[in-house]
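K.L.:
Here is how the chains run, residue by residue.
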Amino acid sequence: MEKILQVKDLHVSFTTYGGVVQAVRGVSFDLHRGETLAIVGESGCGKSVTSQSIMRLIPEPPGKIKSGQIFLKGMDLIQLKEPELRKIRGANISMIFQDPMTALNPTITIGEQIMEGILQHKNISREQAKKAALEMLHLVGISNPEIRLKQYPHQFSGGMRQRIVIAMALVCQPDVLIADEPTTALDVTIQAQILELFRDIQKKTGVSIILITHDLGVVAQVADRIAVMYAGRIVEIGTRREIFYQPQHPYTKGLLQSVPRLDVEGAELVPIPGTPPDLFSPPKGCAFAARCPYAMEVCEKVYPFETSLSHHHYVNCWLQDVRAKALVSSNH
Amino acid sequence: MKSYLIKRLIAMIITLWLIITGTFFLMHSVPGSPFNEERTTNEAIQKNLEAYYQLDKPLFVQYVNYLKSLVQFDLGPSIKKSSQTVNDLLGRGFPVSFELGLYTLILAIISGITLGVLAALRHNGIIDYLAMTIAVLGISIPNFVMATLLIQQLAVNIPIFPVATWASPKHMVLPILALATGPMAIIARLTRTSMLEVLTQDYIKTAKAKGLSPVKIVFKHALRNALLPVVTVLGSLAASILTGTFVIEKIFAIPGMGKYFVDSINNRDYPVIMGTTVFYSAILIVMLFLVDLAYGLLDPRIKLHKKEAK
Ligand SMILES: Nc1ncnc2c1ncn2[C@@H]1O[C@H](COP(=O)(O)OP(=O)(O)O)[C@@H](O)[C@H]1O
Ligand code: SF4
Ligand SMILES: [Mg+2]
Numbered sequence: 022m023e024k025i026l027q028v029k030d031l032h033v034s035f036t037t038y039g040g041v042v043q044a045v046r047g048v049s050f051d052l053h054r055g056e057t058l059a060i061v062g063e064s065g066c067g068k069s070v071t072s073q074s075i076m077r078l079i080p081e082p083p084g085k086i087k088s089g090q091i092f093l094k095g096m097d098l099i100q101l102k103e104p105e106l107r108k109i110r111g112a113n114i115s116m117i118f119q120d121p122m123t124a125l126n127p128t129i130t131i132g133e134q135i136m137e138g139i140l141q142h143k144n145i146s147r148e149q150a151k152k153a154a155l156e157m158l159h160l161v162g163i164s165n166p167e168i169r170l171k172q173y174p175h176q177f178s179g180g181m182r183q184r185i186v187i188a189m190a191l192v193c194q195p196d197v198l199i200a201d202e203p204t205t206a207l208d209v210t211i212q213a214q215i216l217e218l219f220r221d222i223q224k225k226t227g228v229s230i231i232l233i234t235h236d237l238g239v240v241a242q243v244a245d246r247i248a249v250m251y252a253g254r255i256v257e258i259g260t261r262r263e264i265f266y267q268p269q270h271p272y273t274k275g276l277l278q279s280v281p282r283l284d285v286e287g288a289e290l291v292p293i294p295g296t297p298p299d300l301f302s303p304p305k306g307c308a309f310a311a312r313c314p315y316a317m318e319v320c321e322k323v324y325p326f327e328t329s330l331s332h333h334h335y336v337n338c339w340l341q342d343v344r345a346k347a348l349v350s351s352n353h
Numbered sequence: 011m012k013s014y015l016i017k018r019l020i021a022m023i024i025t026l027w028l029i030i031t032g033t034f035f036l037m038h039s040v041p042g043s044p045f046n047e048e049r050t051t052n053e054a055i056q057k058n059l060e061a062y063y064q065l066d067k068p069l070f071v072q073y074v075n076y077l078k079s080l081v082q083f084d085l086g087p088s089i090k091k092s093s094q095t096v097n098d099l100l101g102r103g104f105p106v107s108f109e110l111g112l113y114t115l116i117l118a119i120i121s122g123i124t125l126g127v128l129a130a131l132r133h134n135g136i137i138d139y140l141a142m143t144i145a146v147l148g149i150s151i152p153n154f155v156m157a158t159l160l161i162q163q164l165a166v167n168i169p170i171f172p173v174a175t176w177a178s179p180k181h182m183v184l185p186i187l188a189l190a191t192g193p194m195a196i197i198a199r200l201t202r203t204s205m206l207e208v209l210t211q212d213y214i215k216t217a218k219a220k221g222l223s224p225v226k227i228v229f230k231h232a233l234r235n236a237l238l239p240v241v242t243v244l245g246s247l248a249a250s251i252l253t254g255t256f257v258i259e260k261i262f263a264i265p266g267m268g269k270y271f272v273d274s275i276n277n278r279d280y281p282v283i284m285g286t287t288v289f290y291s292a293i294l295i296v297m298l299f300l301v302d303l304a305y306g307l308l309d310p311r312i313k314l315h316k317k318e319a320k
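Respectively, the protein sequence lines represent chains Y and X. The first sequence begins at 22 in the working numbering and counts up by one. The second sequence begins at 11 in the working numbering and counts up by one.
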């Protein structure tokens with residue numbers, strides 16, 4: 022499968038009064054054409070920082086991309102300067118933020134807000150841009166687009182606004198769409214509609230989606246693959262089936278147990294005890310060790326290597342290390 | 011829209027009427043009369059004069075008569091400047107004051123906004139500190155002190171500009187500068203604060219994520235929203251500029267309304283006091299109305315009226 026985006030060993034930190042926050046500490050993943058990759062993890066684990074690094078929208082200072090590479094069509098985005106990045110933002114990679122109530126400019130018509138993106142990147146007339154905007158509104162399921170185009174954000178509901186934000190992000194037909202918690206601010210029925218819309222537009226446009234969320238319910242509905250993040254690192258990545266049915270990292274298992282399940286009656290909600298580590302001075306070894314019921318001595322000292330469990334399924338946990346497995350089987 | 015305008019008009023008239031009534035009775039409650047200090051007038055002449063200006067009638071009758079002539083846009087005769095009506099005085103003095111006030115307002119708005127935006131864009135940079143130092147000075151130095159400073163520096167020490175009067179554009183520079191610094195400083199600070207806040211908004215992030223240039227982001231997405239709070243203070247700034255003109259006109263010997271107004275208060279020249287107050291109040295009330303209209307135009311969320319919803 023074609024790799025549209027490759028993130029390699031990304032390190033991002035923020036210099037604050039309290040010290041240096043190591044927000045992202047070596048994140049790597051590939052994004053394939055036409056797939057939806059979900060990045061899940063508790064709040065503060067570095068999901069937004071990762072996605073904003075891809076857009077190169079980390080505020081510098083206080084933030085800084087310490088090292089790593091982000092390849093889009095063979096270009097390393099980390100090496101690009103602002104003017105080149107501006108050509109990529111919105112055109113090749115688009116981003117949707119969490120709160121549709123604040124993501125739109127209150128004093129500009131939504132038509133103008135959709136059109137300005139395409140006018141920025143493509144050499145077309147306003148008439149053509151308007152046509153493209155109308156098509157987009159139609160695509161995201163907004164009726165009466167001609168009239169809606171002239172209206173202001175406050176004239177739309179939250180769900181409608183998120184549709185407009187999506188239309189805005191897609192108007193230049195980008196290769197990659199990053200959606201950072203796109204449904205968190207919406208109520209449940211609207212959430213489902215927006216997720217449905219993501220699936221629909223992906224089918225129609227073939228856009229690759231990075232879906233960031235802390236909600237595994239959202240993930241179950243739309244993700245092809247899932248990356249689980251903890252304390253600035255991806256600790257497990259695999260297909261949706263693999264993550265949901267054969268989770269191997271204790272943190273992934275904990276996350277799954279803390280999700281309400283409709284299919285298993287009377288299933289108990291078990292939140293993971295403890296809190297994530299302080300990212301000012303993250304632990305040397307496995308960051309989950311303090312909360313992990315299986316933690317061993319080695320876990321605190323050395324960060325576990327990545328173990329491949331299948332073609333798609335990778336995990337960073339000493340329990341899955343080949344040597345540990347060999348030890349277990351030789352003991353039997 | 012029509013019903014909004016009508017409602018607004020009625021409210022404006024009521025406001026004006028309240029101001030007229032308040033000023034009228036307050037003015038007469040202050041001890042003294044137009045003829046007090048003129049020792050030369052004997053009792054009989056004073057009686058005649060009072061009768062002529064209707065000052066011998068009961069206060070309420072005077073009040074009603076004043077309102078009556080007011081609705082015919084007649085502000086009455088000046089007591090001190092006999093043979094001149096208040097309308098004459100206003101007709102002569104106001105155009106000059108208006109020029110002074112208008113240029114001041116324009117200068118304050120343009121320079122204040124520019125300074126504020128630059129400061130916000132270079133937040134915590136040298137320009138920011140410089141702009142805010144200017145702003146603090148501008149706010150804390152009263153305009154009459156500023157006027158004296160300007161005259162001393164730019165007319166006496168280094169004679170670039172004339173010391174006083176209102177004869178040519180060159181004459182206008184110092185009084186306008188003196189009067190504009192305060193409002194400019196207020197606008198600059200407000201613009202900066204508001205701009206800084208707007209720049210952290212999500213829709214600015216969205217605009218960046220679209221690949222828009224910094225210039226577009228600032229002018230198209232940030233500035234308009236940042237100016238909304240600035241527009242709301244324009245009304246009160248206009249008021250302070252208005253009162254400022256009285257002082258500045260006095261210092262620079264500018265033949266505007268200021269001189270007549272200050273004299274009229276000292277002399278208890280009732281019709282002039284009333285006329286100037288009424289006229290300036292009317293202007294302010296209209297200004298506030300225009301500011302509201304402008305706000306409605308700038309911010310689509312503010313509905314002054316129901317747009318023809320199709
Ligand atoms: N602008 C910033 N300044 C300082 N620290 C930041 C900044 N942005 C993010 N961080 C830190 O980076 C870490 C990861 O944040 P984030 O990526 O937003 O988490 P989430 O997974 O909830 O999206 C957090 O510990 C946060 O405190
Ligand atoms: S490496 Fe050790 S502490 Fe970390 S998750 Fe695996 S078993 Fe738990
Ligand atoms: Mg986040």
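Among the clues, some could well be false.
Unchecked claim - Think about it this way: if two alpha-carbon atoms lie no more than 25 Å apart in a straight line, the pair counts; the simulated BS3-like pairs of lysine-lysine are:
id, chain 1, residue 1, chain 2, residue 2
1, Y, K151, X, K260
2, X, K57, Y, K171
3, X, K313, Y, K171
To be verified - Partial pick of chain Y residues on the chain X-facing surface, computed with a CB cut under 10 Å:
id, residue
4, F50
5, L101
6, I109
7, M122
8, Q134
9, G138
10, Q141
11, S146
12, Q176
13, F177
14, G179
15, G180
16, M181
17, A347
Everything labelled a hint here was simulated from the structure, so no lab data went into it. All residues carry an ideal CB built from backbone N, CA and C; glycine is no exception.
K.L.:
Could you tell me which of the hints above the structure violates, numbers in ascending order?
P.N.:
1, 2, 4, 5, 11, 13, 14, 15, 16, 17
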